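As a plain string of letters, each chain reads:
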Amino acid sequence: MESALNTGDTAWMLTATAMVLLMIPGLALFYGGMVRSKSVLNMLMMVMGSLFVVGVLWVLFGYSMTFGTDIGGVVGDPTQFLGLESLMADDPEATLPVMAFVAFQGMFACLTVGLIAGAIPDRTKFNGWLIFGGIWAVLVYFPVAHSVWASGGWIFEMGVIDFAGGTAVHINAGAAALALAIVIGKRAGWPKTPMRPHNLTLVMIGAGLLWFGWFGFNAGSALAANNASAVVFLNTFAATCAAAIGWLVVEKLRDGHMTTLGAASGIVAGLVGITPACSAVSPIGALIVGVLAGVICALAVSMKYRFGYDDSLDVVGVHLVGGLLGTLLIGFLATDLAPAGVNGLFYGGGAQQLGKQAIGAFSVLAYSFVVALIIGLILKAAGIMRISREDELSGIDLAEHAESAYELGDSGGSGHFVGIGAGSVRRDREEI
Amino acid sequence: MKLVTAIIKPFKLEDVKSALEAIGVRGMTVSESSGFGRQGGHTEVYRGAEYTVDLVPKVRLEILIDSERLDEVLDAITKAAHTGKIGDGKVWVTAVEEVIRVRTGERGVDAL
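Those protein sequence lines, which keep their order, are chains P and R. So for the first sequence, this note's numbering puts the first residue at 2; every next one is plus one. So for the second sequence, this note's numbering puts the first residue at 964; every next one is plus one.
Please note that a few of the clues may not be correct.
Not the full set, but computed from the structure, chain R residues with beta-carbon under 8 angstroms of chain P [what the hints assert, rightly or not]:
hint, residue
1, GLU1007
2, VAL1008
3, TYR1009
4, ARG1010
Treat the hints as calculated values from the structure; they're not laboratory data. Since we're looking at a predicted model, the values are computed, not measured. Where a beta carbon is used, it is the ideal one built from N, C-alpha and C, also for glycine.
Could you build the full structure based on these sequences and the hints that come with them?
Structure representation (structure tokens):
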């Protein structure tokens, strides 16, 4: 039998998958530059760690929980594709090998967990974070992604448009970030002590890598190399440029200067905003989504000072707010000329789509927030959520990882090699 | 012998160095430093949050000289580092008991 395989689609999806993977170190750098120099390694490790843990869970049963046969509209059968062994055989009728889809979707799961880390840098125990990330992926991400994207999922069947993850990724992660920021509490000294970003060059490199990878994230979500993926690609580009301008204009009018951090933040806000909407709006619609995302997120990041929660790197202000905005704007700006083929309020489609979008968005927001809050409270009670105040003040990199990020002097910090393995220094001193 | 310590604006380093070289000063130690005086700090804005940064970047020069040349050296530094605006810095002089050149073991003025 002749194979139905579409090599163009397959090549694009494997490429797009690698591009989404690159978003994870990109996110690590974006976040890492924003923390102080004593916590940058921990920040990198938190984001990369979510990739390791969720990647393993995805292979074991995460894919099956997300895309297995529907159970009650909320989750897939976790045993159906357990270990993925049954998906290796060549299916002559498939245009795209299922493993390409499995790998692509797996990156989304890892990235979504990584996003949460930005709310809680400088102060979270590394093992506590990995345990949280794993449990949250199982209890929240896999079921939510199933509900939003899988056939039989209740949000999917309702007709909610979430092309690449405004609801499943950004609202979902943003709500969990808010819960964790509340559970773990403020950084010592926040907001009085200055906590300036230690390296804005890293932040901009990270934003650039995110933007590059996001073309894989959004255009890859077409699951084919076709017209829809090209339209989505262009919309992703348009919205991001407009969002950076929107953020910078807010800064110029409010603070007097257009900042590098503002440009990098505007890029990410625009990408978040267009993620759900990129298949549903026109290029002009994408510009509108983008500029609104830039302006509203630039204003939203100040909420934490008013309400007193230390969402340190603004996961709520950028991802939750940006995700909600893009998801709801579909209800206004969707046009049936775009690949999704639905008209929103401004194109004569009535308020029906807007209503569906709101139900999907706020259901996921509430579910993710409550479950993250409960997981966080349990881990906190178990004493594995927050490092000691002394360790936090002297720097989490040293306390949690026994490393420091930068050694800029020729003296190398001075000192000498003691021996192999932990405890060598202590044994050496005892002998003396 | 005297130790002249000067705190100056970083962009004035080249001017001061040239002025000292022009009068035959053959060595100095330069370090980047920060501090505050009457100039005070500046403000920075990150995602709309405004911070005051109290410590201003400065350059610290240390020069060991023969006491006889003191006035000449002080004159060169203050002229070259001068802009007339707040934050130009300070120069002070400390008496030095002994100087040794590590390579040769020379002491005192010979080691300068």
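For each hint, the structure was consulted:
| no. | hint | in the structure |
| --- | --- | --- |
| 1 | GLU1007 | holds, 7 angstroms |
| 2 | VAL1008 | holds, 5 angstroms |
| 3 | TYR1009 | holds, 6 angstroms |
| 4 | ARG1010 | holds, 5 angstroms |
Comparing the model with each numbered hint stated earlier shows that all of them hold.
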